[in-house]
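A.B. asks: Residues per chain are reported as follows:
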Amino acid sequence: MKKIFLQPLTVRIWHWINALCFFALIVTGLQLRYQELPNITSFRTAVDIHNLFGLIMTLDFFLWLAFYIFTGKIRLYIPLDLKKFFTGAFAQALYYGYGIFLGKKNPHHATPDDKFNPLQQSAYFMVMLLLMPLQIITGLFLWDIKRFAYWIGLLGGLKVVDITHVAVFFFLTAFLFVHVYLTTLGRTPWEHIKAMFTGYEEMEENGK
Amino acid sequence: MYGNSHTKRYGKNIYHALLFLIFICLSAALLLSPGVSEAARVPLLENAGACLVCHYSKDMKLVFTDKDKMPVTVSERDFAQTVHSKLNCADCHQGASPEKHPGKAVASRAAFRKEASGVCRTCHSDAQLRAKPNHAYMIDKADAPLCTECHGGHKVLSIRQWKAGLQGTAYCLVCHRQNISKSLGPDERLSLSIDPADQASSVHNKHACSDCHTEYTREIHPLKTFSSPREHSIAVSGVCAKCHEEKQAALRGSMHYNLSFRAGEALISRGNPKAPVCTDCHGFHTVGPKKTYETLSGTPCRKCHEGIFAIYAKSVHGMAKARGEHQAPLCASCHFAHEVNFTAMSDKIKGACLGCHKGVEELHKKWLPNTELHLSAIACASCHAPSSEKGIYLQFVDQRTGKSLPQEQILQLLGTTSPELSERLDTHGQGLSSYELSYILKQLNKKGVGSQVAYLGKMDVVKYSEAHQLSLKKNAIRECETCHSSDSKFLKKVTLAVLRTDGSMDRYPARPDVLTSIFSTLSSGQFYMVGGTRMTLLDWAGIIVVCGGLLFPVLHITARVLTAPLRRAGRSEDPAKGDKS
Numbered sequence: 050m051k052k053i054f055l056q057p058l059t060v061r062i063w064h065w066i067n068a069l070c071f072f073a074l075i076v077t078g079l080q081l082r083y084q085e086l087p088n089i090t091s092f093r094t095a096v097d098i099h100n101l102f103g104l105i106m107t108l109d110f111f112l113w114l115a116f117y118i119f120t121g122k123i124r125l126y127i128p129l130d131l132k133k134f135f136t137g138a139f140a141q142a143l144y145y146g147y148g149i150f151l152g153k154k155n156p157h158h159a160t161p162d163d164k165f166n167p168l169q170q171s172a173y174f175m176v177m178l179l180l181m182p183l184q185i186i187t188g189l190f191l192w193d194i195k196r197f198a199y200w201i202g203l204l205g206g207l208k209v210v211d212i213t214h215v216a217v218f219f220f221l222t223a224f225l226f227v228h229v230y231l232t233t234l235g236r237t238p239w240e241h242i243k244a245m246f247t248g249y250e251e252m253e254e255n256g257k
Numbered sequence: 340m341y342g343n344s345h346t347k348r349y350g351k352n353i354y355h356a357l358l359f360l361i362f363i364c365l366s367a368a369l370l371l372s373p374g375v376s377e378a379a380r381v382p383l384l385e386n387a388g389a390c391l392v393c394h395y396s397k398d399m400k401l402v403f404t405d406k407d408k409m410p411v412t413v414s415e416r417d418f419a420q421t422v423h424s425k426l427n428c429a430d431c432h433q434g435a436s437p438e439k440h441p442g443k444a445v446a447s448r449a450a451f452r453k454e455a456s457g458v459c460r461t462c463h464s465d466a467q468l469r470a471k472p473n474h475a476y477m478i479d480k481a482d483a484p485l486c487t488e489c490h491g492g493h494k495v496l497s498i499r500q501w502k503a504g505l506q507g508t509a510y511c512l513v514c515h516r517q518n519i520s521k522s523l524g525p526d527e528r529l530s531l532s533i534d535p536a537d538q539a540s541s542v543h544n545k546h547a548c549s550d551c552h553t554e555y556t557r558e559i560h561p562l563k564t565f566s567s568p569r570e571h572s573i574a575v576s577g578v579c580a581k582c583h584e585e586k587q588a589a590l591r592g593s594m595h596y597n598l599s600f601r602a603g604e605a606l607i608s609r610g611n612p613k614a615p616v617c618t619d620c621h622g623f624h625t626v627g628p629k630k631t632y633e634t635l636s637g638t639p640c641r642k643c644h645e646g647i648f649a650i651y652a653k654s655v656h657g658m659a660k661a662r663g664e665h666q667a668p669l670c671a672s673c674h675f676a677h678e679v680n681f682t683a684m685s686d687k688i689k690g691a692c693l694g695c696h697k698g699v700e701e702l703h704k705k706w707l708p709n710t711e712l713h714l715s716a717i718a719c720a721s722c723h724a725p726s727s728e729k730g731i732y733l734q735f736v737d738q739r740t741g742k743s744l745p746q747e748q749i750l751q752l753l754g755t756t757s758p759e760l761s762e763r764l765d766t767h768g769q770g771l772s773s774y775e776l777s778y779i780l781k782q783l784n785k786k787g788v789g790s791q792v793a794y795l796g797k798m799d800v801v802k803y804s805e806a807h808q809l810s811l812k813k814n815a816i817r818e819c820e821t822c823h824s825s826d827s828k829f830l831k832k833v834t835l836a837v838l839r840t841d842g843s844m845d846r847y848p849a850r851p852d853v854l855t856s857i858f859s860t861l862s863s864g865q866f867y868m869v870g871g872t873r874m875t876l877l878d879w880a881g882i883i884v885v886c887g888g889l890l891f892p893v894l895h896i897t898a899r900v901l902t903a904p905l906r907r908a909g910r911s912e913d914p915a916k917g918d919k920s
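The listed protein sequences derive, respectively, from chains A and B.
Heads up: take any position in the first sequence, counting from 1, add 49, and you land on the numbering used here.
Heads up: take any position in the second sequence, counting from 1, add 339, and you land on the numbering used here.
Next up, chain A with everything else stripped away, as it sits in the complex (with noise of 0.2 angstroms):
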């Protein structure tokens, strides 16, 4: 077994982060949508709650965002060789749906230049660098709607702004349940988790 170091500090305090203000948000989303499901806090408090982890994540994705442009990781999250990826990602997706179920080995291999497997980057790509931004913005308007109201129409009305920053909501709650399922497919169920915290991922001898 070898150690490889995966998950620099940045990263790693990024996505916990994140992680903290996905609950937040999500628990607090849920309480000012639908006030008809058991309260946890009032609705002005879970405003508060929402807009504060809103600012955080922002800040949070920024940080991310400047960690992997300035390391120039973020070619990680960007298919560039799409033949290898569409490749890569049927035999990932073979995997998934048929070969781990006999026992098969994992087609990828983490590596710090090849973190993820083209399903995750894929997945990632959609979330970090087009779901999350929107996110960010429709929120960001939603918090101020009469600073942003110019921007707002751009984008086709307060209604608009509203059913995008929902959607999106829906979109990552479930990419959450999808994602938190998958880091339990490492070596061990807690593999990847624990690597999240130290940095590093243990490997067999041949990379496996």
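Just to be clear, a hint being listed does not mean it is correct.
Partial list, computed: chain A residues near chain B (C-beta under 7 angstroms) [to be verified]:
1. Arg93
2. Phe150
3. Leu151
4. Leu207
5. Ile212
6. Thr222
7. Ala223
Just so you know, these hints were derived from the structure itself, not from any lab.
Yeah, the Cβ is synthetic: ideal placement off N, Cα and C, and Gly gets one too.
Given the coordinates of chain A, work out where chain B should sit on it, guided by the hints.
C.D. replies: Using the frame of chain A, we list chain B on its own:
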């Protein structure tokens, strides 16, 4: 020398005696001549010596039975100027003579005057009085002013002579200070009386009567006819525009001028007898300063809006006013005096609130998220009249200007009429649906017209009277959940408000789903309330997406559990194969 002088003196005496005799004879001839006696009558004062012996004194007073005292002094000089200067005392005070003086007790000053005025009719016949309109109607009028009230007692002057020395208001008040009126019909009379004290204390006291009554001069006094006091008020109020055109313009733009949203309620322009014109609030000749209306009892609005006053009196403002806090607002403080208009969809009222409640935006910012938006989309009364019924008012707006689209422009863009618009806005008679609203919006924004119409929503009280029951700050609604919930009853009352250029408003009830349907999004909806106006369709889509995300691990884990024997079998065949499951 002595003899000559004596003769001369004697002759001179005879000469004087002859002259005296000639004078006596001529005087007697003149007096006895019928044609000359009238013209040469001796003025009263020469014959009233006996009367003036007493009536010259300023201490002379007549004591009535009711103990009231009236000076009975006659000024010799004043009387000499009157039209009656040639009359004897007894001509009017008939039956009076030094031997038979009217010493009888008179009940009162009024009775004395009545009796004295009655004497005038001895000479001034009904025919003579009927020749002048102002006298004519008095003949048959029991409570007509007495002759002496206008003409005086002993200082009787001809009207021309009398008025010659009067200027401006005083000239007109000679008559109009009297209790005079004119008939407007069998049962109605219009008072023409002006209390000089009222006029003197009015803000118009520096004006001459003819400044307003422009058709009237000292020489011209046209007789006008009105079918009712109302017609008179409207005609008179029109005169105010001469100086107060800006107020008239404001009034013409107000709901008082052309309110028409309810049948039969059309006001000034449509002849509603209750519609307020200038004189209804300001009076005719008692136009007071603004502060006159700064008391509850002095507010003219109360004449028609008594019900609202009862609500206002119990409000935080009404109670403050009752305590004597003069800063507390009255009607005009919020609604303004002349440009009174609908409060729904109007920022005027809010401006009035914020005008007094300085810094209120900063105070709200301390606890209310999106403060500016809340303050612009919610009427103050929605929260500060906590027990009021509330609703959502939608309004077409021109997105380029941000201003509401008046009905006239809507009709022009749609190429339709008002009745047709009503039909199109509620085709099925069940309230405006989201589809109907989006369809109308689509037509308003059709190609070639160049318009950018959307709709905005605002929350306001449903019953205008309830907007006046403003409560103490501590009672105001602060719970966000009151509105930010799909169960909020306020979101069930949705109305499309279409304003007219005249300030009136048509209201079209809408179905509650007009705010939550997918069509509300497609129609550039700008009204959105977190938790309140959420789209049901989106909720269902969200449930499917989230359940899909949840289902993946569940199904995958299930599949892994079910296929575990396969992997175990594989490992037993090839121990080198590793699996992480």
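A.B. asks: Are the hints correct? Go through all of them and say.
C.D. replies: Going down the list of hints, with the structure as the test:
1. Arg93: Holds. Min distance 5 angstroms.
2. Phe150: holds (4 angstroms)
3. Leu151: Holds, about 6 angstroms.
4. Leu207: Given a least distance of 4 angstroms, the restraint on Leu207 of chain A holds.
5. Ile212: holds (6 angstroms)
6. Thr222: Holds - the Cβ of Thr222 of chain A comes within 7 angstroms of chain B, reaching about 5 angstroms at its closest.
7. Ala223: holds (3 angstroms)
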